[in-house]
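A.B. asks: Chain A is already provided as a structure; the job is to place chains B, C, D, E, F, G and H on it using the hints.
Residue numbers (the working numbering), protein chains in the order written: chain A, 1 to 151; chain B, 1001 to 1151; chain C, 2001 to 2151; chain D, 3001 to 3151; chain E, 4001 to 4151; chain F, 5001 to 5151; chain G, 6001 to 6151; chain H, 7001 to 7151.
Source of the hints: derived by calculation from the structure; they are not laboratory data. Where hints are given, some of them may not hold.
[To be verified] With a straight-line Cα cutoff of 27 Å, these simulated BS3-like cross-link-like pairs (lysine-lysine) come out:
#	chain 1	residue 1	chain 2	residue 2
1	C	K2151	A	K107
2	H	K7017	A	K151
3	H	K7017	G	K6107
4	C	K2017	B	K1017
5	B	K1107	D	K3017
6	A	K17	B	K1107
7	G	K6151	H	K7151
8	D	K3107	E	K4017
9	F	K5107	D	K3017
10	G	K6151	H	K7107
11	F	K5107	G	K6017
12	F	K5017	H	K7107
13	H	K7151	C	K2017
14	D	K3017	B	K1151
15	C	K2107	A	K151
16	C	K2017	G	K6107
17	F	K5017	G	K6107
18	H	K7017	C	K2107
19	D	K3017	F	K5017
20	C	K2017	G	K6017
21	E	K4107	F	K5017
22	B	K1017	D	K3151
23	F	K5151	E	K4107
24	H	K7017	A	K17
25	G	K6017	E	K4017
26	F	K5017	E	K4151
27	C	K2017	C	K2151
28	C	K2017	A	K107
29	E	K4017	F	K5151
30	G	K6017	H	K7017
31	D	K3017	E	K4151
None of these values were measured; they are calculated from a predicted model.
There are 8 protein chains.
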Amino acid sequence: MDYRVAVLMGSPTDSDKMAPAATTLERYGIEADVRIMSAHRSPDLVSEFVSGARAAGYQAIICGAGMAAHLAGAAAAHTTLPVVGVPLSGSAINGWDSLLATVQMPKGIPVATVAVDGSMNAALLVVQMLAVFDSNLVLQLEEHRAEMVPK
Amino acid sequence: MDYRVAVLMGSPTDSDKMAPAATTLERYGIEADVRIMSAHRSPDLVSEFVSGARAAGYQAIICGAGMAAHLAGAAAAHTTLPVVGVPLSGSAINGWDSLLATVQMPKGIPVATVAVDGSMNAALLVVQMLAVFDSNLVLQLEEHRAEMVPK
Amino acid sequence: MDYRVAVLMGSPTDSDKMAPAATTLERYGIEADVRIMSAHRSPDLVSEFVSGARAAGYQAIICGAGMAAHLAGAAAAHTTLPVVGVPLSGSAINGWDSLLATVQMPKGIPVATVAVDGSMNAALLVVQMLAVFDSNLVLQLEEHRAEMVPK
Amino acid sequence: MDYRVAVLMGSPTDSDKMAPAATTLERYGIEADVRIMSAHRSPDLVSEFVSGARAAGYQAIICGAGMAAHLAGAAAAHTTLPVVGVPLSGSAINGWDSLLATVQMPKGIPVATVAVDGSMNAALLVVQMLAVFDSNLVLQLEEHRAEMVPK
Amino acid sequence: MDYRVAVLMGSPTDSDKMAPAATTLERYGIEADVRIMSAHRSPDLVSEFVSGARAAGYQAIICGAGMAAHLAGAAAAHTTLPVVGVPLSGSAINGWDSLLATVQMPKGIPVATVAVDGSMNAALLVVQMLAVFDSNLVLQLEEHRAEMVPK
Amino acid sequence: MDYRVAVLMGSPTDSDKMAPAATTLERYGIEADVRIMSAHRSPDLVSEFVSGARAAGYQAIICGAGMAAHLAGAAAAHTTLPVVGVPLSGSAINGWDSLLATVQMPKGIPVATVAVDGSMNAALLVVQMLAVFDSNLVLQLEEHRAEMVPK
Amino acid sequence: MDYRVAVLMGSPTDSDKMAPAATTLERYGIEADVRIMSAHRSPDLVSEFVSGARAAGYQAIICGAGMAAHLAGAAAAHTTLPVVGVPLSGSAINGWDSLLATVQMPKGIPVATVAVDGSMNAALLVVQMLAVFDSNLVLQLEEHRAEMVPK
Amino acid sequence: MDYRVAVLMGSPTDSDKMAPAATTLERYGIEADVRIMSAHRSPDLVSEFVSGARAAGYQAIICGAGMAAHLAGAAAAHTTLPVVGVPLSGSAINGWDSLLATVQMPKGIPVATVAVDGSMNAALLVVQMLAVFDSNLVLQLEEHRAEMVPK
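Here chain A stands alone, though its shape is the one from the complex:
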């Protein structure tokens, strides 16, 4: 099966911090569709894209944002696809703002939050979700983990 995951970020300046998400998805043969869109500066683009994401063949959405990081929450509000949030550091209130704004979602609309700047883990989490029904991905995950054992 072909998988397709959207990797959204609020600003082009987030590209470096979010790059490991796409790289990691591609290692698993998953299409990573990287797009810049902001919950605050292009909110209609976010709601339109995310509302149509399931129909457009996406299995999950990864969102990276800093400061009052609303991107993941805004995405989660418009879809029942799994949304993974990556809080990004960079402001004076370094990572605390984006972490709390991403993880403290109200009842009903979860965001699967990973560590501050943890874009690689966001991708791995999506792979693990897909691997629930794909034993080939399970094997790849196990190989990848074996490589990551520190020496």
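C.D. replies: Here is chains B, C, D, E, F, G and H on its own, set in the frame of chain A:
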């Protein structure tokens, strides 16, 4: 002139904490239109209402929300009317989450943030905005301040 | 298809805070297997149970823990199934300790973290993961969301 | 109509962080009157200037300050004009001190607080306040927002 | 010699928390002049009172305030008498806001800050200052300390 | 009268951050006796020096320390002279640790705490204490403040 | 062999929170010598007691204190016996102050810090230290752990 | 007697921060066995190594880890040897995450936590534990402390 201010909150459980906003606006003869809508559970309602707010005759929007408080930011993303954010306490991460999620907005989309649970001040801030062009409101503000001098 | 999700918690005193996880899973017809096991007081039970979880037919693991909340991370270390972490409040360092100990996982081993005490959302996140390949769950999620619109 | 906004800061060393406030106001054809005055080292200058600001033709006051940032609160205490506070980073307690000292104002005396180091948004907030009664500013805000959509 | 110390607080609701300041001063035979005045709601009263305090025979000023606690800083800005600040708890951001707003004063204008809700220690600090030139107070301090040895 | 103030610090590496204390005292003609002694690595030296400080002609003690900054508290425990604490930054928990360890003193043993790294203000606070009974110092303080008005 | 451990606390009001330390030591047949002494209010008692503790037959010292919790650090400064610190909650800055003041010790003088209010674990840590050379204690620890497995 | 202490760290990138632990142990003639193993990426290695550590002749285990620092807790869960935890800085949530994840252990399983990045003190703490039954180590500790007196 007749003024009209929307007072939005994400959940009916926020009513008590937000009540001083409406009470204060009404003291100044300003219509307070209190509505429950959630950036996460009814996002399209928020964008639709806020996008049309200027045309519908509102001069400002007050938003109260807790936890990953996106309501004010979501409103600010859909209008150029002034948006005042009231971070609400109540979660385990008591007020820190809603404060940072409300105030740390990115460049371009400001939210005028007041103190945690500061709904009365949100209303006063709106009155002060309107009073820039309304000397009658200035007089009322001065009287109100005189009453508030502690003794 | 029949689904089976483990709901683990470190102590029987966490039962009330974790109850919404099982209740929510059951609403969707998903078996919730609630078990008490501690990353610190019964670590071998955790590694044994979690290591065998995929083979035993589980699709996901939800872990609730407080303080230096290692349960979700310990589970994630022993499986490539998706692990959802629920930081629990209750210590003097109320929720900050469990949130950071759950979400700040190192590269390679993600934990999908939800809000402090957010056990209902942990279950919904699992449902959303399963719904990627189950359109019937998508419908149920949409109905559930419609019910949760605040009025 | 001609608009005039005071941009106050506690120290000449805050100039770089506050420069976007004046630049942004000027883009909208609003006079930005930048002045150095300190709530602690020249308090009488602050109270004298601010007390007379409405009569002197100002529509709003923007205040940037770091550490125990009292400037915005001190200004707000002396006028019923809208006061916008910009917490500045730079101390060891980086931005947390100025944020809390600016936003946590008591009942009766609001300060419209923006993000730490958010001087551009302080100016935009003032423009949005003025635009309530000036449709030309509304158009300019809409153009500005369109420019800011990330690509 | 007769000593006279002003004990200022921003609101009558702070009376209970500040009461130990007066009680402690009186134990040492020092006149405690307790007054309610607010840096934000009666700023001119604060500047007028504090500016004249040395001439009026006061040796020190104790200020208790909560939230964005400016009272001590505002007093310190208007006098070269020693100003002791007592950060008061009570907001959602419990004591962190008042502590940082009191202690993080800029260069030139110190506030002698004591613990959150530490009004008794504020009085003892003043007694210790006066005791530098008063050996009778030294003896009283030593007796008081002897009483306070825990058993 | 001749004044003498001890400026203590826990480590020679604190010298740069504490230098403004001595410089400022000397501007006022006050002898600054700078000594390196640690509450943890030379505790008996601290208790011996501080216990004898009043008899040795000191009027106040300034203590700068970082991390679990006990120096000011240890000094305060051994004298009824005023003790001024300067929390120093430099650890990973940058300034929060030293601030809380310095200011949160228990009932009975106050430490007059200034801002993190605020050694100049520590000296000014001592000058203000001495000026209570020395009108010449008052004049010097007023001149100094006039110089510090920002322009 | 007979073991003897000092359990020190700064105030009689800490007794309830520290009681599990003595109870736990006694379960292992270790004498718990509970004493009230304060790093700030009876510092000489602390230094005298602790300096003589090894000669008096103690193997370890447990210290519980709140706020600017110096007791463990002060003890550690006067002995090379292992010192275990228990940060106690109870102030407005609930547990953060005592945790940082206990754990952030400078190079050379360690304090073995346990969780906020973790007096039972302080005792267990001491038992584990003694068990390094006492296989009987190892057996007791293993039995105790078996009892604590949650069910 | 010959002593042997394991110094574990989660990643080779932690080597520099942990180096003082081994250096310090060696100064006391104690064998430091430095190993890289991760609670998350090689959990079975950790449980296997730690479970057998007492039988293999180790007297204590020092663990350094950053972020959601589980290594010390995971070690403590598998042995009744004393485990010393060194929280490491380096993430955006600089040291707060690793400190809380290390120190806030639940009842029954203590970790002796030292300061963030305090690897030298971790070693000294182990020496102090061993010195309880070794008067030669006591002498060495006293010499070492004498060297560390700041001048």
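A.B. asks: So, for every hint listed, does it hold in this structure?
C.D. replies: Verification of the supplied hints:
no., hint, in the structure
1, C:K2151 to A:K107, "holds, 15 Å"
2, H:K7017 to A:K151, "holds, 17 Å"
3, H:K7017 to G:K6107, "holds, 13 Å"
4, C:K2017 to B:K1017, "holds, 25 Å"
5, B:K1107 to D:K3017, "holds, 13 Å"
6, A:K17 to B:K1107, "holds, 19 Å"
7, G:K6151 to H:K7151, "violated, 56 Å"
8, D:K3107 to E:K4017, "holds, 19 Å"
9, F:K5107 to D:K3017, "violated, 41 Å"
10, G:K6151 to H:K7107, "holds, 15 Å"
11, F:K5107 to G:K6017, "holds, 19 Å"
12, F:K5017 to H:K7107, "violated, 41 Å"
13, H:K7151 to C:K2017, "violated, 54 Å"
14, D:K3017 to B:K1151, "violated, 39 Å"
15, C:K2107 to A:K151, "holds, 15 Å"
16, C:K2017 to G:K6107, "violated, 41 Å"
17, F:K5017 to G:K6107, "holds, 19 Å"
18, H:K7017 to C:K2107, "holds, 19 Å"
19, D:K3017 to F:K5017, "holds, 25 Å"
20, C:K2017 to G:K6017, "holds, 25 Å"
21, E:K4107 to F:K5017, "holds, 13 Å"
22, B:K1017 to D:K3151, "violated, 39 Å"
23, F:K5151 to E:K4107, "holds, 15 Å"
24, H:K7017 to A:K17, "holds, 25 Å"
25, G:K6017 to E:K4017, "holds, 25 Å"
26, F:K5017 to E:K4151, "violated, 39 Å"
27, C:K2017 to C:K2151, "holds, 26 Å"
28, C:K2017 to A:K107, "holds, 13 Å"
29, E:K4017 to F:K5151, "violated, 39 Å"
30, G:K6017 to H:K7017, "violated, 35 Å"
31, D:K3017 to E:K4151, "violated, 54 Å"
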